[in-house]
Amino acid sequence: MTRYVRRAAAFCVLLLVALLVNTARLQVLQAPSYGGNPANRRLAIARYERPRGEILVGGRPVTGSRDTGEQLRYERTYSEGPLYAPVTGFASQRYGTTFLEHAEDAVLSGTDPMLASFPLLAAAGRSRRAGGDVVTTIDPAAQRAAFAALGPRKGAVAAVEPATGRILALVSTPSYDPAELSGNGPAVAAAWARLTSDPDQPLLNRAVRQTYPPGSTFKVVTAAAALESGVVTDLDARTDSPDPYRLPGSTTRLVNEGGGCRDASLRHAFTWSCNTVFAKLGVDVGATVMKETAERFGFNELGLRIPFWVARSTFDPTEDRAQLALSSIGQFNTRATPLQMAMVAAAVAGGGQVPAPYLVERITRPGGAVVATAGSRPLRQVMSPATAARLRELMYDVVAEGTGRNAAIPGAVVGGKTGTAQHGVGNSGTPYAWFISWAQGERDVVPRVAVAVVVEDASARRGDISGGGTAAPVARAVMEAVLRTPPAR
Amino acid sequence: MLTPVTRVAAADQAAPATARLPRRRGVELALLVVAVLLSVYGYCAVGLAKYGTVPPGAAGYGAGLGGLALLAHCAVRLRAPYADPLPLPIGVLLNGLGLVLIYRLDLETPGESAAPAQLVWSTLGVALFTLVVLVLRDHRWLQRYCYLWGAAALALLTLPILFPAINGARIWMRLGGLSIQPGEFAKVLLAVFFAAYLADHRNALAYTGRQVWRLQLPTGRVLGPVVAIWLLSVGVLVLERDLGTSLLFFGLFVVMLYVATGRTGWIAVGLLLAAAGAVAVGWLEPHVHSRVQEWLHPFASVEAGRGPGQVAQSLFSFAAGGVLGTGLGLGHSILVGFAAKSDFILATAGEELGLAGLSAVFLLYALLVERGFRAGLVLRDPFGRLLAVGLAAIVALQVFVIAGGVTGLIPLTGMAMPFLAQGGSSVVTNWTIVALLIRVSHVARRQYDGRPAP
Numbered sequence: 000m001t002r003y004v005r006r007a008a009a010f011c012v013l014l015l016v017a018l019l020v021n022t023a024r025l026q027v028l029q030a031p032s033y034g035g036n037p038a039n040r041r042l043a044i045a046r047y048e049r050p051r052g053e054i055l056v057g058g059r060p061v062t063g064s065r066d067t068g069e070q071l072r073y074e075r076t077y078s079e080g081p082l083y084a085p086v087t088g089f090a091s092q093r094y095g096t097t098f099l100e101h102a103e104d105a106v107l108s109g110t111d112p113m114l115a116s117f118p119l120l121a122a123a124g125r126s127r128r129a130g131g132d133v134v135t136t137i138d139p140a141a142q143r144a145a146f147a148a149l150g151p152r153k154g155a156v157a158a159v160e161p162a163t164g165r166i167l168a169l170v171s172t173p174s175y176d177p178a179e180l181s182g183n184g185p186a187v188a189a190a191w192a193r194l195t196s197d198p199d200q201p202l203l204n205r206a207v208r209q210t211y212p213p214g215s216t217f218k219v220v221t222a223a224a225a226l227e228s229g230v231v232t233d234l235d236a237r238t239d240s241p242d243p244y245r246l247p248g249s250t251t252r253l254v255n256e257g258g259g260c261r262d263a264s265l266r267h268a269f270t271w272s273c274n275t276v277f278a279k280l281g282v283d284v285g286a287t288v289m290k291e292t293a294e295r296f297g298f299n300e301l302g303l304r305i306p307f308w309v310a311r312s313t314f315d316p317t318e319d320r321a322q323l324a325l326s327s328i329g330q331f332n333t334r335a336t337p338l339q340m341a342m343v344a345a346a347v348a349g350g351g352q353v354p355a356p357y358l359v360e361r362i363t364r365p366g367g368a369v370v371a372t373a374g375s376r377p378l379r380q381v382m383s384p385a386t387a388a389r390l391r392e393l394m395y396d397v398v399a400e401g402t403g404r405n406a407a408i409p410g411a412v413v414g415g416k417t418g419t420a421q422h423g424v425g426n427s428g429t430p431y432a433w434f435i436s437w438a439q440g441e442r443d444v445v446p447r448v449a450v451a452v453v454v455e456d457a458s459a460r461r462g463d464i465s466g467g468g469t470a471a472p473v474a475r476a477v478m479e480a481v482l483r484t485p486p487a488r
Numbered sequence: 000m001l002t003p004v005t006r007v008a009a010a011d012q013a014a015p016a017t018a019r020l021p022r023r024r025g026v027e028l029a030l031l032v033v034a035v036l037l038s039v040y041g042y043c044a045v046g047l048a049k050y051g052t053v054p055p056g057a058a059g060y061g062a063g064l065g066g067l068a069l070l071a072h073c074a075v076r077l078r079a080p081y082a083d084p085l086p087l088p089i090g091v092l093l094n095g096l097g098l099v100l101i102y103r104l105d106l107e108t109p110g111e112s113a114a115p116a117q118l119v120w121s122t123l124g125v126a127l128f129t130l131v132v133l134v135l136r137d138h139r140w141l142q143r144y145c146y147l148w149g150a151a152a153l154a155l156l157t158l159p160i161l162f163p164a165i166n167g168a169r170i171w172m173r174l175g176g177l178s179i180q181p182g183e184f185a186k187v188l189l190a191v192f193f194a195a196y197l198a199d200h201r202n203a204l205a206y207t208g209r210q211v212w213r214l215q216l217p218t219g220r221v222l223g224p225v226v227a228i229w230l231l232s233v234g235v236l237v238l239e240r241d242l243g244t245s246l247l248f249f250g251l252f253v254v255m256l257y258v259a260t261g262r263t264g265w266i267a268v269g270l271l272l273a274a275a276g277a278v279a280v281g282w283l284e285p286h287v288h289s290r291v292q293e294w295l296h297p298f299a300s301v302e303a304g305r306g307p308g309q310v311a312q313s314l315f316s317f318a319a320g321g322v323l324g325t326g327l328g329l330g331h332s333i334l335v336g337f338a339a340k341s342d343f344i345l346a347t348a349g350e351e352l353g354l355a356g357l358s359a360v361f362l363l364y365a366l367l368v369e370r371g372f373r374a375g376l377v378l379r380d381p382f383g384r385l386l387a388v389g390l391a392a393i394v395a396l397q398v399f400v401i402a403g404g405v406t407g408l409i410p411l412t413g414m415a416m417p418f419l420a421q422g423g424s425s426v427v428t429n430w431t432i433v434a435l436l437i438r439v440s441h442v443a444r445r446q447y448d449g450r451p452a453p
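Sequence lines, in order, name chains Y and H.
Under numbering that gives the first Met the number 0, the first residue of the first sequence carries the number 0, and numbering increases by one thereafter.
Under numbering that gives the first Met the number 0, the first residue of the second sequence carries the number 0, and numbering increases by one thereafter.
Just so you know, these hints were derived from the structure itself, not from any lab.
Ideal placement from N, C-alpha and C gives every residue a C-beta, glycine not left out.
Accuracy of the hints is not assured; some may be wrong.
Claimed, not checked - Selected chain H positions facing chain Y (Cβ under 8 angstroms, derived; list incomplete):
hint: 1; residue: G261
hint: 2; residue: L314
hint: 3; residue: A319
hint: 4; residue: H331
hint: 5; residue: A365
Claimed, not checked - Just a sample of chain H residues kept apart from chain Y, beta carbon distances all over 12 angstroms, derived:
hint: 6; residue: L36
hint: 7; residue: P54
hint: 8; residue: R78
hint: 9; residue: L133
hint: 10; residue: V237
hint: 11; residue: V368
Same shape as in the complex, but just chain Y (with noise of 0.2 angstroms):
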């Protein structure tokens, strides 16, 4: 009978080994690819178990938590929402992150090992620290002035400050609150499905994630072209260019709003819009001279990032020299995001450089400590400093007497150009009102600020949609919020 009880224990120990290997299996070996099933709501309880970092606007956080005391515990709140989701974007616990949240999501949820004190040890770790901060470029001031100024109006503003590339206002509206899809319950997607199904588009960041044809405001950028390549020398020389102009190798005849465009110098048609002058500048030019002026502006680039990605402004005539015509006033298949145009009018602003566009500022732990910073940007030259300086001179006649004079702000200089963009099977859409333009303090060495305003209202009667009219006051209640706060630095 020895014999049988050893035996029948032997087989007690093969069971016990079994059930030893099968759990090192599963706690060792299975551990990571269990652990990263998205089925599996420990990842969802780790991610909201502390509360989350803070965006901060203004040295002041615009973003906090509220601990809900559910199993996914803490919410996102929003002081001032719809102002700032467009840079901060929402952090739902239903629909995911976008914009800054999205972006920084490692830092804002405490996983990016930059954020402990030794990182390669937090790496090997599992724990999850508090979240850090992001601390941003935006001018609290001009954020608000832009707001304001776009009213209850479809429309985008952004402004950077030329010489550093930081983003001072990212505005666009109608906007939304985001806190309003912080959770996860019924509230969140009855918000969810209005927001998505409205019509306006609340949810769209018309500043960074929507194109329109830039119109006028890119004959900055075909203007930059004639000057670089040689095509035109002198401001104020005469050009050869009919009034009205029969596109190339087409029957269609491109006018003019205004008079006084025949022959008129490079000055003369920049101040007054001069369709005609800049077609034909345009393909005097060529494709391949404006597209690579329009590309070192920063048009047909993929990938920027600030850091969550911005729509790519596209600059691509054909061989077609009507078209190009037409792409050369910011027509045909030319659009650009506000980001963008903002960034051409910081161009000419910074002397013919200009660093990449940011929106972070540094990024913090919990108690402050600087863990990143922007550092200082690349510069990417544009043009030559001079040309810029007689663009700057050219932006600076539209709003000293040009179509441009509602953006003039006393004491102040300010360079700028309207566009008012067709749109539409026929242009039969309503137009967009564009404004770009810089302003210089009086005690400023350079300029301070180059914004970009684009209205798209469909209530307004189309005769008095204008960029003057229109986008410039708005592009300058930004420009005097910024010229009003001492300079930071």
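Please arrange chain H on chain Y, whose structure you already have, making use of the hints.
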């Protein structure tokens, strides 16, 4: 226990032949203190992790568990002084750990707390332990009422059929506010019956009957009663849809039959029966069929978009524990949902104590089983040997069936993890098993006089 044995054997040369093993009650007491302290530490760790303070009931909990342990220890000291010093501390530690885990899960389900009831049941269990240790002077007394135990086991198994099904299984009896699982008690009675019957008839079973090829098949006359009892119990269980216990009874039967007769023919017959039974049940019972499917494809419901099922949640829990575990009170095994405190209690242990803690728990069970087999080896009466082996096999099989089920090794069958899981009947039964092991080990070690057992 090899070292003392050899030491005594060596000392036997000089000492008189009446030399006996040391009693080792002091060791038992020391281990009990360790077991109680570990449990109280776990209780405090849960409170510290959840609320940052030691839970208010820690002292009372420690005192309660310590008191129970002391009571049991005194009973052993009084009536079974030669008993193996390990089973009691292992029982206290596992029971204490079970209370900690249930208390920890109670914090996640504010509406229904199970730990106080479990403590009451544990007290009852220890009381029964004490009673058995005090009253049962010699385990051979049980052998006399062989058929009584068999009948009692059957009666207990049949009773719940008269009561309404709970969660699809008719294994509970609701009496007032208490729900009792009589099948749990039947386990011990059945083990006693098998041991008594096989001890009486093992020679007939082993040496009569006809030879088929190399297998010795037993005669129908001896085999009849055993197979009848077994068939009845298994049939009742299939009717009650409690397949875990059914599997356990079957395994117990085969193991004890093999140990009693040493005939591999029994194993062949047993395996054949098992295979036939498994196929038939898997075919006929949709309940069982779905369990097998869930075992084969634990993530099928995830892929179908219906979220993780219970087995998948259990696997997630174990995986989340990793090697060292999240720490008591810091896991999310409550996601398992229904039966998290009973059948799936091991998921909490796996997540919060990790592979390290889980291995320790398995080894504690293994040690308990080993002590049972050890007593079986040392005892000289066949009934005692079979009883010890049977009790050890119950623990081993039960742990394997439920632990294997929740870790995805075998299909899940509802069963209580001995001592750890919520369930009053189970705790009381397990304390009875430990009490019987104490009794037989006392006899085994007392009678041991230095000569090897036959």
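Hints and how they fare:
For H/G261, the interface hint holds, since its Cβ comes within 8 angstroms of a Cβ in chain Y; the closest pair sits about 5 angstroms apart. Because the closest C-beta pair between H/L314 and chain Y is about 6 angstroms apart, less than 8 angstroms, the hint holds. The beta carbon of H/A319 comes within 5 angstroms of a beta carbon in chain Y, closer than 8 angstroms, and the hint placing it at the interface holds. Below 8 angstroms, beta-carbon pairs count as interface contacts, and H/H331 has one with chain Y at about 5 angstroms; its hint therefore holds.
At a threshold of 8 angstroms, the smallest CB-CB gap from H/A365 to chain Y is about 5 angstroms, leaving the interface hint in force. For H/L36, the requirement that its beta carbon stay farther than 12 angstroms from each beta carbon of chain Y is met, with the minimum near 26 angstroms. Once the 12 angstroms rule is applied to beta carbons, H/P54 is consistent with being away from chain Y; the minimum gap is 20 angstroms. The Cβ of H/R78 lies farther than 12 angstroms from every Cβ of chain Y, with a closest approach of about 26 angstroms, so its non-interface assignment holds.
Distance to chain Y confirms H/L133 as a non-interface residue, since its nearest Cβ pair spans about 28 angstroms, more than 12 angstroms. No beta-carbon of chain Y comes within 12 angstroms of the beta-carbon of H/V237; the shortest separation is about 23 angstroms. Some Cβ of chain Y comes within 12 angstroms of the Cβ of H/V368; the nearest lies about 6 angstroms off, and the non-interface call is violated.
Of the numbered hints listed earlier, the single one contradicted by the structure is hint 11.
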